[in-house]
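Visitor: Using the sequences and the accompanying hints, generate a full structural model.
For the protein sequence lines, the chains are A and B, in the order given. Going by this note's numbering, the first residue of the first sequence is number 33, and it counts up by one from there. Going by this note's numbering, the first residue of the second sequence is number -17, and it counts up by one from there.
Just so you know, these hints were derived from the structure itself, not from any lab. Since the structure is predicted, the reported quantities are computational estimates derived from the model, not experimental observations. Any given hint might turn out to be false.
[What the hints assert, rightly or not] Coverage of chain A stretches by chain B, computed from C-beta distances (three or more under 8 Å per stretch; other residues unrestricted):
id: 1; stretch: 49 to 62
id: 2; stretch: 75 to 86
id: 3; stretch: 101 to 108
Heads up, the beta-carbon is just placed ideally off N, CA and C, and yes, glycines get one too.
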Amino acid sequence: MEIMEFRQRMIDCAIKGYDAQGFHFIDSCAEKLSALGGDDMGIVYFATLIHSNFGMDALASAQTFIYSLLAIALLTGWLGTLIAFREAA
Amino acid sequence: MVIPWLVALHRSISTYRNQYLFAGLFLVGFLFAITDFVRAYAGVPVLFFVVTLLLSSKWPRHRIRAIAVVFLIAGAAGPMVYFGSLFQDRDAFLIQQDPGYTPPLKRHLFWHTAYMGLGYTTNDFGVEWSDGHAFNALEARAPGTPHLSVESERIHKQLFFETIIAHPVFAIMNYAAKAGVLAFMVILFANAGLLVRENRGLDPPLRFAFLSATAIASSYGILAIPSINYTTQLVAIAALYGIFSIAVAIPQGFKSSFLIPFQRRD
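Guide: Laid out in structure tokens, this is it:
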């Protein structure tokens, strides 16, 4: 399984776990409930949050989160750079 | 995202405008906790940047420095406690469902990555940069060991040290190759910013802060592999260093501010 497929599956299973049990980071894809772990738990958390608020599927929720994060980072980064230049002038 | 604001905040330290400084540090702490949660250790270079900046800047009073650190920690505390509670609630629920449940490792797999990182350069003893290889090596050494566990980390640590002790020259060449690639990335992205004369560039505290953040961001590429997946922070930090150094130096005159290689002496 490709690493991105693995991550998409993880988000999918976390969303199913949250919908069924009401707790974050639970893998409900297997027969037995288990815990999800790894380096990307924030993405799993925010994707689950977007899904539960806006009803998007796993992939759309993750993409919405990543693109929003990118837009926020770009805007705040540019704004911060402009202010830093003004301060330095 | 955060470093340009810290460069602007550095001015507040020297001009003693505390209301901006403290609010800014609270926000930096808050963002550090969020980014570190989104991707493990993503906030660490920025944390090193801000701590180095706070420690090396000249402060009107030492008490103000201590208050600044308190604001930084207070900003990070809220999200960290909240996200920690999500994992605690999850573990409590799963223990209720299955009393034999053991929570997974909450930290990044250090030795698993370090062992795979030996496979950056081609070698004759079969170490490769792939999770599959690391899992196969684990299975060969201790069949049935659960992946991503404390035990798997212990075995990968053993495999890592066995490999570097048996092949020390290979290990040195492997890390030297990674360091070379990382150095090239810094040169490429900081670019002309590296040619700014010491007395015409950024203030020393900002230079130290960039240096510490660069060192930490490089360590990910040294431990794992210097591919773009592990070095985006290094690229961003080097590029920002270049941009700010050039921006500070240019108004002071191009010829007097830059070390120009192969310049003819008259």
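Visitor: Each hint needs a verdict: does it hold in this structure or not?
Guide: Status of the hints after comparison with the structure:
Three residues within the 8 Å Cβ limit are the bar, and the stretch 49 to 62 of chain A against chain B gives 5, so the coverage statement holds. Counting residues of the stretch 75 to 86 of chain A whose C-beta sits closer than 8 Å to any C-beta of chain B gives 3, which meets the bar of three, so the coverage hint holds. Beta-carbon proximity to chain B at under 8 Å applies to 4 residues in the stretch 101 to 108 of chain A; the threshold of 3 is reached and the given coverage holds.
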